[in-house]
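In order, the protein sequence lines correspond to chains A and B.
Just so you know, we're using numbering that gives the first Met the number 0 here: the first sequence kicks off at 0 and counts up by one.
Just so you know, we're using numbering that gives the first Met the number 0 here: the second sequence kicks off at 0 and counts up by one.
Treat the hints with care, since some could be wrong.
Calculated cross-link-like contacts (lysine-lysine; reagent style PhoX-like; alpha-carbon spacing at most 25 Å) [said to hold, decoys possible]:
1. B:K89 - A:K17
2. A:K58 - B:K85
3. B:K91 - B:K109
What the hints contain is simulated information worked out from the structure, not anything from laboratory work.
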Amino acid sequence: MSMPTQQEPVPVSLQELKEMLEKALDRQLEYLDLNQNFYTELGLDSMGAVALFIEVQRKTGVEIPLAEAPMIQNCEQLLSYLNDNARSVYQNE
Amino acid sequence: MNDLLLNRILPAEHIPYAYPFLFIDQVLALTADSITTSTVFPPESLLVTSHLLGGPDVVPGVLLIEMVGQAALLQQRLVSAKSTIKMLGKCKAKFLSPALPSKPLVAEVKILGEALEGSLVHGVVLQESIYIAEVEILAVSAPRPR
Numbered sequence: 000m001s002m003p004t005q006q007e008p009v010p011v012s013l014q015e016l017k018e019m020l021e022k023a024l025d026r027q028l029e030y031l032d033l034n035q036n037f038y039t040e041l042g043l044d045s046m047g048a049v050a051l052f053i054e055v056q057r058k059t060g061v062e063i064p065l066a067e068a069p070m071i072q073n074c075e076q077l078l079s080y081l082n083d084n085a086r087s088v089y090q091n092e
Numbered sequence: 000m001n002d003l004l005l006n007r008i009l010p011a012e013h014i015p016y017a018y019p020f021l022f023i024d025q026v027l028a029l030t031a032d033s034i035t036t037s038t039v040f041p042p043e044s045l046l047v048t049s050h051l052l053g054g055p056d057v058v059p060g061v062l063l064i065e066m067v068g069q070a071a072l073l074q075q076r077l078v079s080a081k082s083t084i085k086m087l088g089k090c091k092a093k094f095l096s097p098a099l100p101s102k103p104l105v106a107e108v109k110i111l112g113e114a115l116e117g118s119l120v121h122g123v124v125l126q127e128s129i130y131i132a133e134v135e136i137l138a139v140s141a142p143r144p145r
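Make the full structure from the sequences, and use the hints.
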């Protein structure tokens with residue numbers, strides 16, 4: 000098994016996720032509810048979605064393809080996706 | 000890409016803009032995630048003479064934002080042949096010094112990230128090594144015509 004390098008993706012912390020979501024929403028959140036729907040409950044629009052996914056990709060190194068993005072509707076699904084795909088990248092090293 | 004090849008790039012052949020709304024004259028540098036372009040706004044251009052009436056003749060700041068956006072689109076067309084038309088979604092800009100006509104404005108643009116057919120772009124515009132503007136653009140894919 001190869002040693003992790005500085006370029007390898009890492010999962011994101013809840014605090015980091017909250018900050019990224021706040022930046023995408025352009026407002027502060029009182030708390031982070033992992034099950035709140037980005038679009039129907041938090042009011043994330045298409046621009047915000049682009050901003051959120053770009054920021055997540057930059058922070059974690061995990062790419063979220065266009066075809067899979069619509070299935071990620073809340074933080075829990077996002078974290079689950081990141082953890083699954085970060086693990087896949089490690090295994091491919 | 001070497002200078003000879005860069006000099007042969009005709010921006011109008013790659014991005015859907017034309018005079019008087021094409022703001023790239025030349026590509027100076029190109030990498031996998033960045034581009035540097037040069038533009039000169041002629042002093043007789045209506046875009047300059049009508050802003051500001053009675054002077055001073057300065058290039059409108061909003062055109063510098065457009066310049067950065069066009070450079071980013073050109074970069075993506077040249078490097079990855081992506082054909083998605085993008086539009087301004089969100090934008091932050093700082094204007095540090097006036098941009099003057101007749102002298103080259105150099106835009107150094109970096110693609111910071113891409114997702115959902117949108118991109119986050121950061122650009123700095125310089126004129127004779129002086130910082131003119133700093134621009135950050137979130138570009139989103141253009142909506143389908145109604």
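Checked hints:
no. : hint           : result
1   : B:K89 - A:K17  : holds, 20 Å
2   : A:K58 - B:K85  : holds, 24 Å
3   : B:K91 - B:K109 : holds, 15 Å
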